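Novice: With our numbering as the guide, the letters of the sequence shown map in order to residues 15 to 558.
Derived by calculation from the structure, the hints in this document are not laboratory data.
This structure is a prediction, so every number in the text was calculated from the model and none was measured.
Some hints could be false.
[As the list claims (entries may be wrong)] Ranges of calculated distance between the beta carbons of each label pair, as one might list FRET restraints:
1) P430 with A133: 40 to 46 Å
2) A103 with L83: 23 to 29 Å
3) G124 with I428: 31 to 37 Å
4) A103 with S387: 32 to 38 Å
5) S458 with W512: 53 to 59 Å
6) S316 with S458: 38 to 44 Å
7) K322 with P191: 50 to 56 Å
No residue lacks a Cβ here, since even glycine has one placed at the ideal position from N, Cα and C.
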Amino acid sequence: KSGASNKVADALSRVPDADSAATSSDSPLLLSLVTTPTFGIVHQLQKENASDPFLLDFHNQHSQGTLELPFTVANGLLLHKGRYVVNSASPICSIIISEFHDTPSGGHAGVKRTLARVAASFYWQGMRKSVENFVASCLVCQQIKYATQVPAGLLQPLPIPEAVWEDITMDFITGLPPSHGSTVIFVVVDRLTKSAHFGALPTAFTASKVAELFVSIVVRHHGFPRSIVSDRDPVFISTFWRKLFELSGTKLAMSSAYHPQTDGQSEVVNRGLEQYLRAFTQQQPSSWLLLLPWAEFHYNTSYHSSLKMSPFQALYGRKPPTVPGYTRGSTSIQTLDEALTNRDELLRQLKQNLLEAQNRMIQKANAHRRDFSFAVGDLVLVRLQPYRQSSVRQHKHHKLSKRYYGPYRVIERIGPVAYKLQLPSESRIHPVFHIAVLKPFRGSNNPPLSDLPSESLNNQPVDQPSAILERRTILIHGVPREQVLIQWKGAPPDEASWEDVDIITACYPNFHLEDKVILEGEGSDTPPISEEATPGPNHENEAA
15 KSGASNKVAD ALSRVPDADS AATSSDSPLL LSLVTTPTFG IVHQLQKENA SDPFLLDFHN
75 QHSQGTLELP FTVANGLLLH KGRYVVNSAS PICSIIISEF HDTPSGGHAG VKRTLARVAA
135 SFYWQGMRKS VENFVASCLV CQQIKYATQV PAGLLQPLPI PEAVWEDITM DFITGLPPSH
195 GSTVIFVVVD RLTKSAHFGA LPTAFTASKV AELFVSIVVR HHGFPRSIVS DRDPVFISTF
255 WRKLFELSGT KLAMSSAYHP QTDGQSEVVN RGLEQYLRAF TQQQPSSWLL LLPWAEFHYN
315 TSYHSSLKMS PFQALYGRKP PTVPGYTRGS TSIQTLDEAL TNRDELLRQL KQNLLEAQNR
375 MIQKANAHRR DFSFAVGDLV LVRLQPYRQS SVRQHKHHKL SKRYYGPYRV IERIGPVAYK
435 LQLPSESRIH PVFHIAVLKP FRGSNNPPLS DLPSESLNNQ PVDQPSAILE RRTILIHGVP
495 REQVLIQWKG APPDEASWED VDIITACYPN FHLEDKVILE GEGSDTPPIS EEATPGPNHE
555 NEAA
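Work the whole structure out from these sequences, hints included.
Specialist: Put into structure tokens, the structure is as follows:
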């Protein structure tokens, strides 16, 4: 039908005529791709058929008329069911597999698909094993493909503390709406009683500010702890923070790189606190600071399944008071001996309850994990997050980034499930990794090393600026803000992004803006943009 009368015309009903397509230089050619051996491989096979003793034996049988099917000879080449026969010991085998695996038509497919492509044109003994070994040792496949096994490394719970508020964990909840100048909650939890203290911080807080708050909400009530477990937040890895607790005799224990599950306790408390605040501040989100003391009281007086009591009772040896407060004369006074005896019994029962909860946690966690280990000297690949948690740049193509970097050599085993790797000297990424983000490298003992991001922020690989393309000033809520258009190292020009000058200066102190040459001449400074603009960076590790 003509286009006007055909109401349901589609692409299939409008396939161009092959003859007319061939005569028009503007028409696209319809091609059918067929995988065939290249001339170079066939030429090498002709040479081997004339010199390889294994193949010559079959040719002699053909000359004597004793060659049995399914072997045949055509054009001087030995065939098996119409496929080219190759000596399994020949280096041509690896060349053939590479042609059907490493090229765009091969697509770095798995064993079955690669084997099917190779077996369609070639034959040799042990072909499946050759393909399996080749695919397993392919560096590109090891770097880009998902790990299909359950995570390695059995659960290693922290030891049960001996006394209250001697061993603690800490973390931050960020991205909250401004409330009386604060946007961050500092969460500190005792690992034995699970009791917690919450404090508020402004957006731009420093290690010294956190230390002041820590003394105010924790030290003045419980003294300095013996150990602190935390993630690798820049505050916790700063020199000031380390020196402060070194002088107080406190041991700092931080999570390994790219495996922040060490401090799972704080993460659980964070979720509960966020849920509490979300429930009571829906109409007025900026009022969360007023509810923070009540949130702390609610948490500490709530029943915990692992404790089989509330954190308040575990800490003070009595049930929490109800609201309104305690009524005088409602209970008798106990002797000091009875109080201390009950207190000791309570702590003993508390430790037993925590041990039972820990055993249940180990059984559940290890059901989805496997016991695995590396030896010093082994080559491993490292799974790094393809983009930063906190970034001044919105990376456009992290979906297609490598999943694994390396290989790198294991130089030390640190505990049952952590390993120190020999990273490039210029790398600023913490070299200790949990076994769950490592996988064994298969292939040569001296493989070419792939590039590892040399910079890190919050121990995440970061992009580096290379040049300034343009400058501008925008108005955000009536306040002028200077921005620069940044060209990033290794990225195409279309991935250049506008960044605040103060953020670039803070994140990249060695990148001197005044020394950078603007590309395409001297560039031009744009006048202030009058309309309201949306601030650039989005932080992913924020409260929902």
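Novice: For every hint, state whether the structure bears it out.
Specialist: Against the structure, the hints come out as follows:
1. P430 with A133: 40 to 46 Å: Since P430 and A133 have Cβ atoms about 44 Å apart, the given range 40 to 46 Å holds.
2. A103 with L83: 23 to 29 Å: Holds - the Cβ-Cβ distance for A103 and L83, about 24 Å, lies within 23 to 29 Å.
3. G124 with I428: 31 to 37 Å: Distance hint for G124, I428 holds at roughly 34 Å.
4. A103 with S387: 32 to 38 Å: holds, 35 Å
5. S458 with W512: 53 to 59 Å: Since the Cβ atoms of S458 and W512 sit about 44 Å apart, the hinted range of 53 to 59 Å is violated.
6. S316 with S458: 38 to 44 Å: Violated: the Cβ-Cβ distance is about 57 Å, outside 38 to 44 Å.
7. K322 with P191: 50 to 56 Å: The hinted range 50 to 56 Å is violated for K322 and P191, with Cβ atoms some 36 Å apart.
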